[in-house]
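Asker: Sequence:
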Amino acid sequence: MMILIAGPVRSGTDGDRQLIERNMQKLDQMALQVYQKGHTPVIGEWLALPLASAAGSQEIGDEISESFLYPVAHRLIQSCDAILRMPGASTGADKDVQVGRALGLSIFHDIEQIPLVHAS
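For the sequence shown, position 107 (counting from the first letter as 1) is numbered 107 according to this note's numbering, and the numbering increases by one without interruption.
Rather than coming from a laboratory, the hints here were simulated on the basis of the structure.
Any given hint could be a false lead.
Claimed, not checked - Below, computed lysine to aspartate or glutamate pairings styled on EDC-like, alpha-carbon distance capped at 20 angstroms:
1. 26 - 110
2. 37 - 81
3. 26 - 94
4. 37 - 66
5. 26 - 14
6. 26 - 16
7. 26 - 112
8. 95 - 63
9. 37 - 112
10. 95 - 81
11. 37 - 110
12. 95 - 110
As the list claims (entries may be wrong) - Pairwise CB distance ranges, derived in the manner of DEER restraints:
13. 14 - 115: 33 to 43 angstroms
14. 63 - 113: 20 to 30 angstroms
15. 56 - 104: 16 to 26 angstroms
16. 101 - 46: 19 to 29 angstroms
17. 46 - 107: 12 to 22 angstroms
18. 40 - 112: 17 to 27 angstroms
19. 70 - 22: 30 to 40 angstroms
20. 102 - 58: 17 to 27 angstroms
21. 56 - 33: 12 to 22 angstroms
22. 63 - 35: 29 to 39 angstroms
23. 56 - 112: 23 to 33 angstroms
24. 109 - 12: 30 to 40 angstroms
25. 51 - 21: 17 to 27 angstroms
26. 22 - 109: 34 to 44 angstroms
C-beta: ideal position from N, C-alpha, C; glycine also.
Start from the sequences and build out the full structure, keeping to the hints where you can.
Answerer: In C-alpha cells, the structure reads:
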C-alpha cells in the first residue's frame, strides 16, 4: 500500500524551526517503520516543500509555501491507499484524514494496525 503519514508539522511550534524540524523527523521515522512493514510511505511535505522552494518560498509557513502544502497533500492522497494519522493536534493532518475518508481510504492510528507485507 502507499500510505500517507499525517501528523503535526507546524502545530504547537509557534514557528520555531527546531520544533518544526523535530516534528518532521518524527514523521520521517514513522515513514521508515511503514517502509519496513513492506509499504510505500509518503509525506506531503516531501513533495510540497521543494515545489514551494522552486516557486520562491523562503520558509515553511510563508505565503508561497501555504499555497502548496495542503493542495499537494490532497492531490497525493488521491494516489494513496491509506493514511496513518500520527498523534498530536494538527489541522492539516485532520484535513488529510477527512479527504482520505471521503475517498474511502483506510485510516490507521497506530503502526501496529498496518499489516506486515514483508520485513526489510
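Asker: When the structure is checked against the list of hints, which entries are broken? Sort them ascending.
Answerer: Those not satisfied are hints 4, 14, 15, 19, 20, 21, 23, 24, 26.
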